[in-house]
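S.K.: Start from the sequences, fold in the hints, and give me the full structure.
Just so you know, the protein sequences line up as chains A and B, in that order. Per our numbering, residue 1 is the first one in the first sequence, and the count goes up by one each step. Per our numbering, residue 1 is the first one in the second sequence, and the count goes up by one each step.
FYI, nobody ran anything at the bench for these hints, they're computed from the structure. Treat the hints loosely; a few may be bogus.
As the list claims (entries may be wrong) - Using C-beta positions, here's what the derived DEER-type ranges look like: (1) B:SER137 to A:VAL146: 36 to 46 Å; (2) A:VAL177 to B:GLY106: 50 to 60 Å; (3) A:ASP78 to B:SER137: 36 to 46 Å; (4) B:LEU21 to A:LEU84: 45 to 55 Å; (5) A:ARG218 to B:GLY106: 28 to 38 Å; (6) A:PRO262 to B:PHE78: 32 to 42 Å; (7) B:PHE78 to A:PRO96: 50 to 60 Å; (8) B:ASN128 to A:LEU84: 52 to 62 Å; (9) A:ASP78 to B:ILE141: 30 to 40 Å.
Quick reminder that beta carbons are idealized off the backbone N, C-alpha and C, glycines included.
Okay, here's what each chain looks like letter by letter:
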Amino acid sequence: MTIGPLPQDSVAALPLERATVIDAPAEVQDTAPAYESRGVWRLGLEVFLENKLAVVGVGIFVFLVLFCFVGPVLYHTDQINSDLANSNLAPTLAHPLGTDTAGYDVLGRLMVGGQTSIEVGIAAAIIATTFGVLYGAVSGYFGGVVDAVMMRAVDALLAIPPLFLLLFIASAFTPTVVILILAVALVSWLVPARLIRAEALSLRSREYVQAVSMMGGRGMRIVGRHIVPNTIGTIMVNATFQVADAILLVAYLSFLGLGIPPPATNWGNILSDGVDYIFAGYWWLIYPAGIAIVLAVVAFNFIGDALRDALEVRLQKR
Amino acid sequence: MLGYIVRRVVQSILITIGVTLIVFVLLQLLSASSGSVARAILGPRATAVQIAQFNHDNGLDQPWPLQYWTYLTQLAHFDFGYSYNLNQSVGSLLAQDMPKTLLLLGLAYALAIIVAIPLGIYQAVRRNRIDDYIFTSVAFIFYSMPVFWLGIILIVIFAVTLHWLPALVPQVSSVTDLFPGQLPALILPVLTLALLEIALFSRYMRSSVLENMVQDYVRTARAKGASQSRVLFVHVLRNAMIPILTLVGLSIGYVFAGALVVESLFNYPGMGLLFWHSAQTKDYPVLLGVIVVTGVATVLGNLVADVLYAVADPRVRYAK
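M.R.: Put into structure tokens, the structure is as follows:
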């Protein structure tokens, strides 16, 4: 964060303030005139950090990662053997968020389930983005018939709602984590492909691309070395949104009972169990998992929005 | 204008053929994985001979291009296959459940548009004030929420706690059976779907109105002495609505997916519930039939949206 104006009314903060005041002038004079000389990435980073929502987004993400991956180390629960004698217990000190239908501790289940949700979300986003970017860049750079055929294929796949295709795949093949990642990636690469194709179309007429092509650079080299790196902003922004969408898709799939079979779980599974007890008032099966999904999705949407702003400002100030 | 429409229609036909090709490839993948279409229908204890006989009877042992052609001719005759689980043709299942889904989608769209357009205008007028921020954040949260969780919360509030509305929709076979007695059961599913759409549409409406308010024609209208409400509702509204028109067309696929989840949550006997049950029972003919129908509906939605866009906005027609 940048150093904001010093709080005038806060008496308690005075000693700290003095310490910063002593250091501040030298630093301020040092950085202010050198505004233009700073790197574009650093400028982008500063804009990103100035965006409070982005910092909140990163904060939520770090919290969720710690909760899901470090949490189980500190908070031991048995998430493999069910305990039917202790099913559907209301929250107590022993089980801060109660237990579910099979007697699993819900707090511990949230941690384990979150691991799957986050892993699948990020892995699927990376695969979908990588494939989509290459596909779009090739289509846009080569243009003509290649582009027309490749894009009609994308249009046709886009016409089928992703959830329908995903449910079909989950129905035909019993999902494991790997199948789930590939299936989500399969329905998610279309949007990045379209975005990058549009950028590649405009980039291929730029002078530096024409120059490489005149010097004898071959098509795939131009795509890999010159087109793709110049769309990195769009790629990063879209990849962030992809993670949010993938987490939601996995939750939908698991909620519909076609996710990974037990004892593996994710946030959608927990909610799916909770619905069966909706009239019994077992709120601990409904709210915590739902809030976890919303937090994860909001976090990635915040980060994506801020990245877009940061990259746009970077382009404007250049 | 005519050239533009013809070009878009040809493109849509190509995409539709692409959709059928994808479904056909999915069907082939199923057959390839140890004849699983035959196995799904004949059961796990079917012998190799029975499977071979089934494949022969249903033309599954013919070359791919021939099978695809047969499949296309069947589709052209509205023959979507036969559900062996439900012992009914997929076409008759769709004819039974499609109207109920369309009713759900239609009501949700209508409610969403009635709310989202004034809301978007209000937010644009009050931009960057406290109430704009509140509506924007609420929309953001709804947008990030899994639609089934939104539905669960609505059930908890209105059905479990307040006992105002029923949480489940009765299993009627025809859409007319819903009228008039069962309409209260429709409120929660429609509301769930509509809230999701309102979150989406109001965001676009707000930015669309904001974009139009800085245009030259608004300044001209103001200079000629038009009042704020005249500028807003006569000049800006008509132009700001154009992107929403496209958005409604483009969001059809997204809304179909929402309907699938909402229908399975509320047990609403539409196409989504049919698809969900079929996915659980591995009733592939139904799954592929519904995928073809939603795919074609999405292509048609996009086409209609594009054509209406061209009718409403001359800049599109003359661009190329």
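S.K.: Mind listing which of the numbered hints don't hold for this structure, in increasing order?
M.R.: Violated hints: 2, 5; rest satisfied.
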